[in-house]
Amino acid sequence: MIKASLRELSAALAQKKISSVELSTLFLERIERLNPTLNAFISVDRDKTLAQAGQADAAIAAGGAGALAGIPLAYKDIFCTEGWATTCGSKMLANFVSPYDAHVVQLLKAAGLVTLGKTNMDEFAMGSSNETSFFGPVRNPWDTAKVPGGSSGGSAAAVAARLAPAATGTDTGGSIRQPAALCGLTGLKPTYGVVSRYGMIAFASSLDQGGPMAKSAEDCALLLSAMAGFDPRDSTSLARPVEDYARDLDQPLAGLKIGLPREFFAEGMADDVRAAVDAALAEYRKAGAVTVEVGLPNSGLSVPAYYVIAPAEASSNLSRFDGVRYGHRAPEYSDLFDMYCKSRAQGFGAEVKRRILIGTYVLSHGYYDAYYLQAQKIRRLIADDFAQAFEHCDVIMGPTSPGVAFDVGAKSDDPVAMYLSDIYTIAVNLAGLPGMSIPCGFGAGGLPVGLQLIGNYFDEARMLNVAHRYQQATDWHLRMPEDI
Amino acid sequence: MQWEVVIGLETHAQLRTNSKIFSGASTAFGAAPNVQACAVDIALPGVLPVLNRAAVACAIRFGLAVGGAIAPRSIFARKNYFYPDLPKGYQISQYEIPVVSGGSLAIAVGQNDGRYEKTVQLTRAHLEEDAGKSLHEDFHGKSGIDLNRAGTPLLEIVTEPDMRSAAEAVAYAKALHALVQWIGICDGNMQEGSFRCDANVSVRPKGSDKLGTRREIKNLNSFRFMQQAIDYEVKWQIERIGDGGAIEQATVLFDPDSGETRAMRSKEDAQDYRYFPDPDLLPLEISPAWIAEVKSAMPELPAAMKDRFERDYQLSAYDAGALTATLATARYFEDCAAAAGAADVKTAKLCANWVMGELSARLNAAELDIAAAPLSAARLAGMIRRIADGTISGKIAKEVFDALWAGEAQDADAVIEARGLRQISDTGALEAIIDEVLAANPKSVEEFRAGKEKAFNALVGQLMKATRGRANPQQVNELLKQRLTGE
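Residue numbers (my numbering), protein chains in the order written: chain A, 94 to 577; chain B, 16 to 502.
Hints may contain errors.
[Said to hold, decoys possible] In silico lysine to aspartate or glutamate, DMTMM-like type, Cα no more than 20 Å apart, as pairs:
(1) B:157 <-> A:122
(2) A:435 <-> B:100
(3) B:410 <-> B:426
(4) B:157 <-> A:425
(5) A:470 <-> B:426
[Stated by the list, open to error] A short, non-exhaustive set of chain A residues, derived as facing chain B with CB atoms under 10 Å:
(6) 173
(7) 189
(8) 228
(9) 415
(10) 474
(11) 550
(12) 551
[As the list claims (entries may be wrong)] Label-pair ranges, simulated between beta-carbon atoms:
(13) A:176 <-> B:33: 24 to 32 Å
(14) A:473 <-> B:98: 32 to 40 Å
(15) A:473 <-> B:263: 40 to 48 Å
(16) A:188 <-> B:233: 55 to 63 Å
(17) A:115 <-> B:98: 28 to 36 Å
(18) B:238 <-> A:203: 53 to 61 Å
(19) A:187 <-> B:158: 24 to 32 Å
Hints listed in this document are in silico derivations from the structure and should not be mistaken for laboratory results. Think of the CB as a built atom: it goes at the ideal place given N, C-alpha and C, for glycine as much as any other residue.
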């Protein structure tokens with residue numbers, strides 16, 4: 094059962110081979126056993142989960158329940174979930190119990206999915222290794238000395254270790270795709286605006302996008318179909334008809350034009366990653382696809398532009414955490430200003446403070462034009478690069494991350510080295526495009542390598558088709574780490 | 016040295032929308048603390064703003080009313096600062112591109128001979144959200160926060176530094192206050208903070224074209240305080256410069272108890288608000304069709320209505336101005352004039368006089384708004400018709416008015432009948448009364464014949480007394496003259 098796809102679970106539930114309570118219990122027991130090592134979950138609540146599973150069973154018995162009803166799902170702890178602690182991996186929100194559900198949570202609950210727990214993450218989604226969490230680092234199930242990637246590292250580790258059939262993640266600069274790559278999963282960041290941000294605690298509003306993390310493209314397609322949709326409470330949500338993202342999964346790939354950005358294949362990529370990516374491209378050519386070289390000449394500017402825009406928005410988004418209405422308030426303070434300073438000094442970790450400082454600096458009087466406006470111009474250039482590239486291809490491919498999972502602690506003292514681990518993913522967020530990572534082999538130390546797929550706006554169904562056909566021909570996505 | 020005062024005003028008008036500018040919470044005033052603050056207003060993690068189009072419609076109305084340019088695309092920005100009653104740690108406002116640019120407002124300053132008109136140019140008007148309130152009493156040394164007001168839509172209206180005296184500033188504020196109520200975008204309630212002004216005040220030697228350093232007087236919530244505060248501030252600035260001091264740019268507060276202004280913070284503590292476009296909101300796009308839709312629902316504007324009153328009813332500029340001071344007054348007058356038969360300009364003038372005179376005085380005395388007047392425009396018109404057709408005199412009308420005000424009868428005719436106030440215009444009846452009066456006052460008759468004109472008036476007085484004022488004055492004059500001179 095722990096290896097089963099969502100379709101298989103759905104069938105088993107519908108045919109009463111297993112109940113949602115049994116299935117949920119199975120995963121809760123795995124969490125109980127393996128989470129002390131992995132630290133993938135921040136909150137687990139057996140009673141709440143089983144109560145919800147009981148309701149799902151009743152709905153299935155009554156007939157008319159959705160295809161995903163009764164399947165347990167883990168939520169990144171950035172999604173507000175009513176009645177659950179929603180911490181965003183921070184001491185600041187360690188005591189915050191959300192009084193409402195995020196739009197995504199509402200939709201998935203309505204589809205009958207059962208909340209299995211809240212997964213660990215880099216504090217406020219700021220990190221690429223899941224080491225900045227107030228609740229401690231998450232371990233990579235393939236090698237517990239390694240990081241799982243971040244910021245959705247808890248979700249990635251949970252699904253990779255089969256503590257959950259699937260999970261939600263969020264991606265601001267690669268936070269779904271990079272941990273998916275490092276943990277051997279399939280993860281999808283949709284086009285900006287496809288998934289509502291309402292109830293998803295904001296890091297960088299113009300870049301944040303929620304998406305599924307699962308074992309396969311097919312699972313991602315099913316989950317995305319349940320997560321996506323217009324939400325009037327999010328002004329950046331797009332009013333588009335609801336899509337069945339699984340509709341094109343089996344379309345043949347003959348004639349598919351794959352763009353290979355020469356900048357992605359230049360230096361910087363580790364040899365083991367390059368070998369796995371090249372092999373994957375050969376597999377695609379075998380399936381009838383052709384590869385063409387494309388240029389993304391401004392992609393080298395994406396990391397610096399991102400580290401202006403994302404911290405700028407974050408510095409403002411995180412101002413609401415002031416100790417006044419909810420969240421951490423310093424136990425002692427002399428006056429209002431002191432309360433702000435102490436509450437925020439105590440409530441935020443080092444990486445969050447670093448980004449608040451950077452963001453405050455780049456928005457300051459006299460620096461705004463030199464940093465923020467310049468970064469916005471670069472953002473436009475990067476989007477234009479992609480637009481040009483897509484005139485020559487249907488999908489862009491390359492590595493998700495320059496290397497496989499690194500050691501816990503290896504980069505935690507070097508923020509710039511850490512920031513560069515998102516070098517291939519960040520441009521996608523700046524352009525607002527959809528992107529995926531799928532497992533395409535193993536590198537040094539038997540650690541997974543991810544292949545990144547970048548689609549044109551709203552081409553999620555096509556991307557999922559391209560990923561699914563590859564997964565029909567290979568079995569990388571079915572490999573799982575041995576139980577620790 | 017002769018000094019010139021330079022004043023620019025920034026006004027925050029609370030917009031009359033049912034819900035807040037970025038959330039669905041109610042904007043009604045006076046609820047228990049924090050019951051009208053929803054998840055968005057208290058800035059829970061993960062919540063997002065959604066623009067209320069009704070607030071934008073108010074801004075469009077204003078732009079049309081002042082002849083400003085309405086931006087086809089304007090941007091909401093975040094103004095970042097920490098304060099306990101600012102839940103998000105930033106205020107959503109408009110910075111670089113406001114919804115309305117330019118426009119102007121005509122004002123009338125002073126009374127009688129000293130009265131003059133002037134046009135104040137507007138710089139811009141932009142949409143923003145209000146903050147909550149910090150309550151410093153009743154919390155035993157701590158502060159309470161009420162977020163009911165947080166997110167209430169505001170239109171901030173900024174003028175050029177066009178005003179040259181406190182009187183001009185007050186005249187502008189009053190005209191703006193009337194206009195925002197006239198076009199229905201603000202309830203104008205200054206006690207509740209629906210309309211508050213900040214005044215930027217500086218002085219310079221007369222003839223200089225360089226602006227002096229300004230100080231900003233914050234939160235003036237009455238016209239009287241505005242006058243007092245600016246007067247004090249101007250005096251203070253002139254004295255300081257006279258003493259060899261320099262004015263430092265500062266924000267000051269007016270203390271109504273002492274009548275003084277005092278500095279709250281200087282320019283050195285000026286905050287860097289780190290404005291940047293709010294990534295949670297799309298640019299505000301206003302189509303020509305939307306503007307046309309708002310325009311079609313606009314009431315006639317006060318300036319246009321004043322011109323029309325002068326033209327159609329042949330009223331003086333002063334009368335037309337007084338009758339268009341508020342939309343309710345103008346509507347009352349027009350309803351009254353229409354019902355009384357305004358085709359006759361004399362009747363229209365009668366209506367104007369009664370509305371501005373007796374009605375206005377009685378409303379003032381009773382502290383009533385014209386909308387709450389105990390007698391309707393139609394009833395007043397009924398009375399005016401009887402003046403116009405000679406059934407009653409203007410003097411008798413006062414008694415009828417009193418009765419109608421007191422609600423004694425449904426209409427003027429009923430009062431006239433019940434009290435027997437109908438004017439005596441029958442020549443035979445009047446002659447009989449004249450006979451009686453002449454017989455009873457031989458002395459006055461003799462005096463008149465001896466050339467004393469005053470005696471004539473005394474006889475008229477006696478006649479009026481005998482008829483309890485009901486005699487048609489014009490006829491009385493003619494008939495009496497005939498009798499006295501014709502014999």
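Here's how the hints hold up against the structure:
{"no.": "1", "hint": "B:157 <-> A:122", "result": "violated (48 Å)"}
{"no.": "2", "hint": "A:435 <-> B:100", "result": "holds (19 Å)"}
{"no.": "3", "hint": "B:410 <-> B:426", "result": "holds (18 Å)"}
{"no.": "4", "hint": "B:157 <-> A:425", "result": "holds (14 Å)"}
{"no.": "5", "hint": "A:470 <-> B:426", "result": "violated (73 Å)"}
{"no.": "6", "hint": "173", "result": "holds (5 Å)"}
{"no.": "7", "hint": "189", "result": "holds (7 Å)"}
{"no.": "8", "hint": "228", "result": "violated (17 Å)"}
{"no.": "9", "hint": "415", "result": "holds (6 Å)"}
{"no.": "10", "hint": "474", "result": "violated (18 Å)"}
{"no.": "11", "hint": "550", "result": "violated (16 Å)"}
{"no.": "12", "hint": "551", "result": "violated (18 Å)"}
{"no.": "13", "hint": "A:176 <-> B:33: 24 to 32 Å", "result": "holds (31 Å)"}
{"no.": "14", "hint": "A:473 <-> B:98: 32 to 40 Å", "result": "holds (35 Å)"}
{"no.": "15", "hint": "A:473 <-> B:263: 40 to 48 Å", "result": "holds (42 Å)"}
{"no.": "16", "hint": "A:188 <-> B:233: 55 to 63 Å", "result": "violated (37 Å)"}
{"no.": "17", "hint": "A:115 <-> B:98: 28 to 36 Å", "result": "violated (53 Å)"}
{"no.": "18", "hint": "B:238 <-> A:203: 53 to 61 Å", "result": "holds (55 Å)"}
{"no.": "19", "hint": "A:187 <-> B:158: 24 to 32 Å", "result": "holds (25 Å)"}
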